[in-house]
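> Starting from the known structure of chain A, fit chains B and C onto it as the hints suggest.
Protein sequence lines, in the order shown, are assigned to chains A, B and C. Read in order, the letters of the first sequence are residues 1 to 282 in the numbering used here. Read in order, the letters of the second sequence are residues 1 to 140 in the numbering used here. Read in order, the letters of the third sequence are residues 1 to 326 in the numbering used here.
For the record, the hints were derived by calculation from the structure and aren't laboratory data. Be careful, since some hints might not be right.
[Claimed, not checked] Some chain A residues flagged as far from chain B (calculated, every beta-carbon gap over 12 Å): (1) Glu11; (2) Glu14; (3) Phe36; (4) Asp44.
[To be verified] Calculated lysine to aspartate or glutamate pairs in the EDC-like style (CA-CA distance at most 20 Å, straight line): (5) A:Lys276 - B:Asp72; (6) B:Lys54 - C:Asp241; (7) B:Lys54 - C:Glu243; (8) B:Lys100 - A:Glu156; (9) B:Lys54 - A:Glu195; (10) A:Lys169 - C:Glu29; (11) B:Lys54 - A:Asp198; (12) A:Lys169 - B:Asp99; (13) B:Lys54 - A:Asp172; (14) B:Lys100 - A:Glu162; (15) A:Lys276 - B:Glu77; (16) A:Lys169 - B:Glu94; (17) A:Lys275 - B:Asp106; (18) A:Lys275 - B:Glu77; (19) A:Lys169 - C:Glu30; (20) A:Lys276 - B:Asp106; (21) A:Lys169 - C:Glu42; (22) A:Lys169 - C:Asp51; (23) B:Lys54 - A:Asp207; (24) B:Lys54 - C:Glu250; (25) B:Lys54 - C:Asp248; (26) A:Lys113 - C:Glu30; (27) B:Lys54 - A:Glu191; (28) A:Lys275 - B:Asp72.
Note that beta-carbon positions come from the ideal geometry of N, C-alpha and C, so glycine has one too.
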Amino acid sequence: MTDKIRAKARELLESGQVSCFIGYEEGTRGRVRPAFVYDPQDADRLIWDERCTHNLAVYLHQFQRPPRRGEEPPRVGILLKPCDSRSLNVLFQEEQIERERVYVVGLTCQGVKVNGQPEERCLRCSERVPLVYDLVLGSVPKVVGREDYADVVRLEGLPPGERLAFWMKEFDRCIRCYACRQACPACYCFECVAEQLDPQWMGIAIDVPQKQFFHVMRAYHLAGRCSGCNACEDACPMGIPLSLLNRKIAREVETMFGYKAGQDAVTVPPLATFKKEEALPL
Amino acid sequence: MTTDFEPQIIGFLCRWCSYPGADLAGTSRITYPPFMRVIRVPCSGRVDPLFVLKAFQDGADGVMVLGCHPGDCHYLEGNYHARRRYALMHRLLEYVGVDKDRLLVDWVSAAEGRHFAEVTTEFTAQVRELGPWGGKRIDG
Amino acid sequence: MKVTTRDDVTAWLDGLSERFTLIAPRAVEEQVLYRPVAGSSEIAFDFSRTDLPVKEYFLPATHVLLSIERGEEGVSVEEPSLDGEQVVFGLRPCDARALRVLDALFLEEEPVDPYYAERRERTALIGLACREMGEECFCTSLGLAPDDASDVDLMLTELADGYAVQVVTEKGERILGDLTLEEVEGTPPKPAVREKTPILEPEAWPQHFEHVYWVRVADRCLSCRLCTYVCPTCRCFDVRDYETPNGDIERLRAWDSCMAEGYRRIAGGHNPRPTKAQRLRNRFYCKFCYYPRDFGPVACVGCGRCISQCPVNVDVVEVLEGVAAL
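Pulled out of the complex, with its shape left as it was, chain A reads as follows (with noise of 0.2 Å):
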């Protein structure tokens, strides 16, 4: 597959296509990094193999902003999997960049590993195939998981108290660095009320309330709009459980509005419309 890549990704730059193609390449230490490719006999850069486990949707993130006036808006491609797919249909629907702008290599995949390991998240995803591309790679893989929400059940199961001591813990050992806000390909706002100075909403103080105030919030200003990459948890330096979090209000969108976020480039997201009757639980 990686040759099937790297050939496609020299066609669209030596034809001009594309100005940039995103996709991996070999870091150092026997690591996976995103790759920038320009120019076309750079193509060889980019591999493919089950340790990329990056969401390259985040690097769109530049095209907000609109060309300077009588300038052509860059084109890019772009490598993604499955999730990263959804990723980018969430983009889509919030109209952050126009489909024209991106040329999608979507890869079917098996799942991938960090240090060896296979991501959990992989072993229950039921999506192998991209939702949006314009070219797929791959052969659709026979093994597919199924996502029972079992950790998440779980921590639900827990007493008040010991949930509260829990997250506590975890808020403890933060240190508000915000990779996770930075690697997440849905968290794009040029300011981040948690940065914001006037209103201070969370000040910059880096002590346990005002970082489970900033969890909290990304969190629920995630509902209806994270893919589950877990590009967050991944970034985080400490190891924080993000994805309890994250999925605990997947699951919550899912069951009161029977919604999973990116399924398509159209749809408009839950939390921004309505239904005049509808039985919720307050």
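Showing chains B and C alone in chain A's frame:
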């Protein structure tokens, strides 16, 4: 828990229905506990969950969001959005260990002075029962 | 060399934990962090490098500089100070050198930072030499050594059945107390080192400032800031006043990061470093060019934490090699 502690309750009342409802309770001389501080907003749909969390962070023991009855919103749709938001917020707060009974979302019309007083009285008693909250930290 | 047994060291540490706040590497979930410990049983003796540096005990992530209380008698201003004294055990030479790097700014430049100075004054440092350089370490490229004892008060080196103990300063002598030391033949084992990375001298950096190399490296940077938070020498902070729920005012100092988009935004809205390429370039220049030029030491000790933690593999060693080859 202690019944003699004075809870700090923040109420977000919408300008068209619940705030006049509260006014009506006052002019009708209906008594209710004095611990709620009112913040008037144009519509319950204006109440960002951020406000609710900030209120808890800054010392509130309970938060109320009162709006027009669904279907009667002055801005037509605001309270439908609020309804969805707070259904989700309740679940999220409960999940991170904040008692969801500390957040009340209800509908009070401009003519329902008595209902407003009832809702406030009940909620205050509930929050008293739950005890002080005010930005609980793990180190006490 | 002077040696002591494992049991003697643990008993000594237990004694220290009663008289001082003992800060040592402790296992927290799946990481090892410097944390206050109640006794030697909580210490993770077998670790290569902690996941966060020790700087939080000298430059806390958040602390109250002063608090203004309104009471019946009027207004009073209080400056909370450190409670008691601290002893840090298990400090690796790189982290100890990092404190010297911070000293060059906080202690040797006027005005002296009193909060940092107080913590530095009231903390004793017990170093623990590395057995070998880690996968991501490159301290030797910066002129350090994994067993360098120059920045600690006491240096311990692991032996097969105990530790070699080197007293470096008077403060170290004082906290040694009654730890029994035996004089034996020989010298502490030398740690295994790695090949050095070429690092350009500060004067050679300005010529590469406009090079497109920085834009290419920064393409994948997420501006996530975690490199600055896990770095033992990064020290930028923000200071703001807040009102507490009971009406007092607190002046808080908290870590800030030059990698944040709004870090350099000034009143009026102008931002000299709006792009992540500019911020990434600035970070490297700050460490390897500006800091040594203005304060003396290079602001990097080769601990490799940024390499381990960067989610997109911005590898400082790779960048240094890249810059040297430009």
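> Could you run down the list of hints and mark each one as holding or not?
Verification of the supplied hints:
1. Glu11: holds, 45 Å
2. Glu14: holds, 48 Å
3. Phe36: The assertion about phenylalanine 36 (chain A) holds, with a minimum of 35 Å to chain B.
4. Asp44: It holds; aspartate 44 (chain A) is separated from chain B by about 47 Å at its closest Cβ, greater than 12 Å.
5. A:Lys276 - B:Asp72: holds, 11 Å
6. B:Lys54 - C:Asp241: Holds. Lysine 54 (chain B) to aspartate 241 (chain C) sits at ~17 Å (cutoff 20 Å).
7. B:Lys54 - C:Glu243: holds, 14 Å
8. B:Lys100 - A:Glu156: Holds, at about 13 Å.
9. B:Lys54 - A:Glu195: holds, 14 Å
10. A:Lys169 - C:Glu29: holds, 10 Å
11. B:Lys54 - A:Asp198: holds, 14 Å
12. A:Lys169 - B:Asp99: Holds - the C-alpha atoms of aspartate 99 (chain B) and lysine 169 (chain A) are around 18 Å apart, at most 20 Å.
13. B:Lys54 - A:Asp172: Roughly 19 Å between the alpha carbons, so the hint for lysine 54 (chain B) and aspartate 172 (chain A) holds.
14. B:Lys100 - A:Glu162: holds, 15 Å
15. A:Lys276 - B:Glu77: holds, 9 Å
16. A:Lys169 - B:Glu94: With a Cα-Cα distance of about 17 Å, the restraint between lysine 169 (chain A) and glutamate 94 (chain B) holds, given a limit of 20 Å.
17. A:Lys275 - B:Asp106: Answer holds: lysine 275 (chain A) to aspartate 106 (chain B) is near 18 Å, not above 20 Å.
18. A:Lys275 - B:Glu77: Distance of about 10 Å is within 20 Å: holds.
19. A:Lys169 - C:Glu30: Holds - the C-alpha atoms of glutamate 30 (chain C) and lysine 169 (chain A) are around 13 Å apart, at most 20 Å.
20. A:Lys276 - B:Asp106: Since the Cα atoms of lysine 276 (chain A) and aspartate 106 (chain B) sit roughly 16 Å apart, the hinted pair holds (cutoff 20 Å).
21. A:Lys169 - C:Glu42: holds, 18 Å
22. A:Lys169 - C:Asp51: holds, 17 Å
23. B:Lys54 - A:Asp207: holds, 15 Å
24. B:Lys54 - C:Glu250: Within the cut-off at roughly 18 Å; holds.
25. B:Lys54 - C:Asp248: holds, 18 Å
26. A:Lys113 - C:Glu30: Holds, because 18 Å separates the two Cα atoms, which is no more than 20 Å.
27. B:Lys54 - A:Glu191: holds, 18 Å
28. A:Lys275 - B:Asp72: holds, 14 Å
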